[in-house]
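Q: Generate the whole structure from the sequences, applying the supplied hints.
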Amino acid sequence: HVLQIAGAVHRNQMTFGELNGSGYDSTTGTVTRIALNGLHLTNSEVSYNIFHVGGIHDTANSGLQIGSSASGVQPKGNHFTIGEISMNAASYNAADSWGQWNFYDFYAAGTYTHAFKAQSSSTFERVNVRRAQGVTGAIVNHIPSDWKNDYYEGNNGIRNVHRLSINRGEST
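All residue numbers for the sequence shown refer to our numbering, where the first residue is -2 and numbers rise by one.
Among these hints, one or two may not hold up.
[Said to hold, decoys possible] With a straight-line cut-off of 25 Å between C-alpha atoms, the simulated SDA-like cross-links for lysine to any residue are:
(1) LYS73 to TYR45
(2) LYS73 to GLN1
(3) LYS73 to THR24
(4) LYS73 to THR29
(5) LYS73 to THR27
(6) LYS73 to VAL28
(7) LYS73 to SER118
(8) LYS73 to GLY51
(9) LYS73 to ALA3
(10) LYS73 to PHE100
(11) LYS73 to GLY20
(12) LYS73 to GLN10
(13) LYS73 to GLY26
(14) LYS73 to ARG8
(15) LYS73 to GLY14
(16) LYS73 to ARG30
(17) LYS73 to GLY131
(18) LYS73 to THR12
(19) LYS73 to GLU15
(20) LYS73 to THR120
(21) LYS73 to SER117
(22) LYS73 to ILE47
(23) LYS73 to ASP102
(24) LYS73 to VAL6
(25) LYS73 to ILE140
(26) LYS73 to ASN58
(27) LYS73 to GLY4
(28) LYS73 to PHE121
(29) LYS73 to SER19
(30) LYS73 to ASP22
(31) LYS73 to HIS49
(32) LYS73 to PHE13
(33) LYS73 to THR25
(34) LYS73 to GLN116
(35) LYS73 to TRP98
(36) LYS73 to ASN46
(37) LYS73 to SER41
(38) LYS73 to GLY52
(39) LYS73 to ASN9
Honestly, the hints are just simulated from the structure, not real lab data.
A: See below:
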């Protein structure tokens, strides 16, 4: 991970210009994705923070990973504003969340499956995908698929999500 936060972190504001998940080999001229995620929050005690990130790119897995399984309490109440999540990992998602009550605002580019995937424990997440370019699956995906207020617009493979609210347990 480029940045993994696993301890108790509350009510902070953090700003990062770039989270680069790769390394460059000047002898071969190749870029190798080293980090699994650009930003990974793993602890339920990471809550009520504001993250400003200029860009996340060249990670091996998801650019933004919130939590890692449905067991236990997940990171909650965080706010993420990300200029761009640039992916080149077709079988992963730009952002992947097991969390609750988080807000996401980002642009996704490159090659990836979903701009945002809400996992089974994800509840009351708010997602604003400003633009999703290069997505191979649905812009947003949820397990199970109980959505509320999801709006899409498509044009030549570039899709915009105007607003998405995930309220698990409510009928649509």
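Q: Given the hint that LYS73 pairs with ILE140, test it: the Cα-Cα distance must not exceed 25 Å.
A: holds (18 Å)
Q: Does the alpha-carbon distance linking LYS73 and ILE47 stay inside the 25 Å limit?
A: holds (11 Å)
Q: Is LYS73 within 25 Å of SER19, Cα to Cα?
A: violated (28 Å)
Q: Against the 25 Å threshold, does the CA-CA distance of LYS73 and TYR45 hold or violate the hint?
A: The given pair, whose Cα atoms are some 7 Å apart, holds under the 25 Å limit.
Q: Sort out whether ASN58 lies within 25 Å of LYS73, counting only the CA atoms.
A: Given that 25 Å is the threshold and the Cα spacing comes to 22 Å, the pair holds.
Q: Would you mind confirming whether the straight-line C-alpha gap from LYS73 to TRP98 stays at or under 25 Å?
A: Judged against 25 Å, a Cα distance of about 5 Å means the pair holds.
Q: Hey, LYS73 versus THR120, does the alpha-carbon distance stay inside 25 Å?
A: holds (10 Å)
Q: Keeping to a limit of 25 Å between CA atoms, is the pair of LYS73 and VAL6 held or broken?
A: Given that 25 Å is the threshold and the Cα spacing comes to 11 Å, the pair holds.
Q: Holds or violated: are the alpha carbons of LYS73 and PHE13 at most 25 Å from each other?
A: holds (20 Å)
Q: For LYS73 and GLY20, compute the direct alpha-carbon distance and say whether it is at most 25 Å.
A: With a Cα-Cα distance of about 31 Å, the restraint between LYS73 and GLY20 is violated, given a limit of 25 Å.
Q: LYS73 and GLY26 were given as a pair; does the straight-line alpha-carbon distance stay at or below 25 Å?
A: violated (40 Å)
Q: Is it true that the CA of LYS73 sits at most 25 Å from the CA of PHE100?
A: holds (9 Å)
Hints 3, 4, 5, 6, 11, 13, 16, 17, 29, 30 and 33 from the earlier list are contradicted by this structure; the remaining hints agree with it.
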